[in-house]
Amino acid sequence: MLEYADAVLPLEEETKALNAAILQRVAAFLTHAGLEDADLLARDLVAALRGMIDAAGMAGETDQEALLLRSGRLARGYLGLGSRPAAAD
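Quick note on the numbering used here: the sequence shown kicks off at 1 and runs consecutively.
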């Protein structure tokens with residue numbers, strides 16, 4: 001519902017620029033990682049993560065570490081990279 005409101009209601013230019021910058025940054029990262037359709041993947045991924053983060057906030061969650069771990073699982077799962085982070089060297 002929040003995403004729909006964002007799409008329909010007029011946003012300030014600063015908010016529009018920030019959203020565009022986020023998508024560009026994520027798409028550039030995905031392109032650098034060698035993934036095809038980086039623009040589409042970035043748009044889907046950012047929308048999914050926003051939804052998860054918004055829902056956590058609306059539910060009153062305060063455990064940022066748990067949300068970070070769930071967000072990572074969402075991203076890796078969507079991108080087909082598995083559910084566990086790579087081991088640190």
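If you're looking for bench data, these hints aren't it; they were derived computationally from the structure.
Note that the Cβ used here is the ideal one computed from N, Cα and C, for glycine as well.
Hints are not guaranteed to be accurate.
What the hints assert, rightly or not - Have a look at the derived ranges for each label pair, beta carbon to beta carbon:
no.	residue 1	residue 2	range
1	Gly34	Met58	21 to 27 Å
2	Glu14	Arg70	17 to 23 Å
3	Ala21	Leu67	19 to 25 Å
4	Ala20	Leu79	29 to 35 Å
5	His32	Leu68	20 to 26 Å
The hints, checked one at a time:
Range check, glycine 34 to methionine 58: about 36 Å between beta-carbon atoms, so the 21 to 27 Å window is missed. Look at glutamate 14 against arginine 70: about 29 Å separates their beta carbons, and that is not inside 17 to 23 Å. At about 22 Å, the CB distance of alanine 21 to leucine 67 agrees with the hint of 19 to 25 Å. Take alanine 20 and leucine 79: their Cβ atoms lie about 21 Å apart, and the range 29 to 35 Å is violated.
The beta-carbon spacing between histidine 32 and leucine 68, approximately 22 Å, falls within the hinted interval of 20 to 26 Å.
The earlier numbered hints that this structure contradicts are 1, 2 and 4.
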